[in-house]
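Novice: Quick mapping for you: the protein sequence lines, in order, are chains A and B.
Residue 1 is where the first sequence starts when you use the working numbering, and the numbers rise one by one after that.
Residue 1 is where the second sequence starts when you use the working numbering, and the numbers rise one by one after that.
Hints are computed from structural coordinates only; laboratory data are not their basis.
The reader is advised that the hints may include incorrect statements.
Said to hold, decoys possible - Dumping the calculated SDA-like pairs for lysine to any residue here, alpha-carbon to alpha-carbon at most 20 Å:
no., chain 1, residue 1, chain 2, residue 2
1, B, Lys7, B, Pro96
2, B, Lys124, A, Met75
3, B, Lys8, B, Lys60
4, B, Lys60, A, Asp78
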Amino acid sequence: MKKGLVMCRTGMGSSLMLKIKLEKIIEENHFPLELEHDVLSGFVGHHPDVIITMSDLVDEFKDSGCYVIGIKDIMDVDYMTQELKKFFEQSNDEDYKGG
Amino acid sequence: MLSDVLKKEYIKLNAECKDWIEAIKTAGQVLIDNGVVTEEYVEEAIKGVKELGPYIVITKGVALPHATNKIGVNKTGIALLTLKNPVEFGNVDNDPVYYVFMLATTDMDSHLAALSNLSDLLAKQEFFEVMKNAKDAQSVIDYIKANEN
């Protein structure tokens with residue numbers, strides 16, 4: 001099981017929408033991923049395996065050492081699914097069954 | 001439910017705005033007029049885009065401006081502004097923007113169901129047709145009520 005963190009500026013709008021959409025994708029694909037969401041300034045204290053955020057916020061995490069996925073279009077289910085698969089394929093997570 | 005926070009009075013159709021700032025101000029004014037937020041909130045939402053970029057353009061043609069709940073939010077609400085002529089927010093992937101959903105929320109949870117409904121609606125091409133062709137706010141509300149669950 002991996003931990004994902006959905007980040008946005010305020011944690012009130014875009015990141016919540018993104019989290020809602022991602023949770024539907026995670027459920028459909030049975031990805032072993034638990035999601036939390038927070039604001040940029042709340043990053044400290046979370047220890048995620050993967051950060052998922054809108055693509056123009058990706059640079060904020062370039063020094064975090066985390067795997068980062070940038071989303072351009074939160075309705076683009078195919079892209080989000082494919083990026084999560086890529087993350088799991090490189091992660092060697094024992095709960096991941098492959099896609 | 002989305003219709004609990006996106007009310008008929010919060011919808012403004014075919015607004016004429018010259019740029020993204022005017023679009024946020026116009027949507028914000030609808031929320032101010034209905035007692036949802038104060039002017040400070042609208043300024044914060046504009047500042048957010050200036051500081052961190054147009055990440056609020058969440059999908060093609062749709063912007064979701066918002067700011068923190070700590071400044072100028074009286075109640076949870078979502079305004080819908082449709083634009084007669086689209087505006088650029090500077091988001092290379094999703095510009096130009098035709099539809100602005102301006103969001104204000106008092107806490108982290110009160111708008112979760114509404115946002116979940118909204119994300120389902122934004123996956124439907126039909127919803128975009130309804131917003132594009134709507135003659136009045138009631139027809140948008142009717143569609144939302146028939147399709148949220």
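Novice: Now, for every hint given, state plainly whether the structure supports it.
Specialist: Here is how each hint holds up against the structure:
1. B:Lys7 to B:Pro96: violated (25 Å)
2. B:Lys124 to A:Met75: The given pair, whose Cα atoms are some 10 Å apart, holds under the 20 Å limit.
3. B:Lys8 to B:Lys60: violated (24 Å)
4. B:Lys60 to A:Asp78: Given pair Lys60 (chain B), Asp78 (chain A) holds - Cα atoms ~15 Å apart, limit 20 Å.
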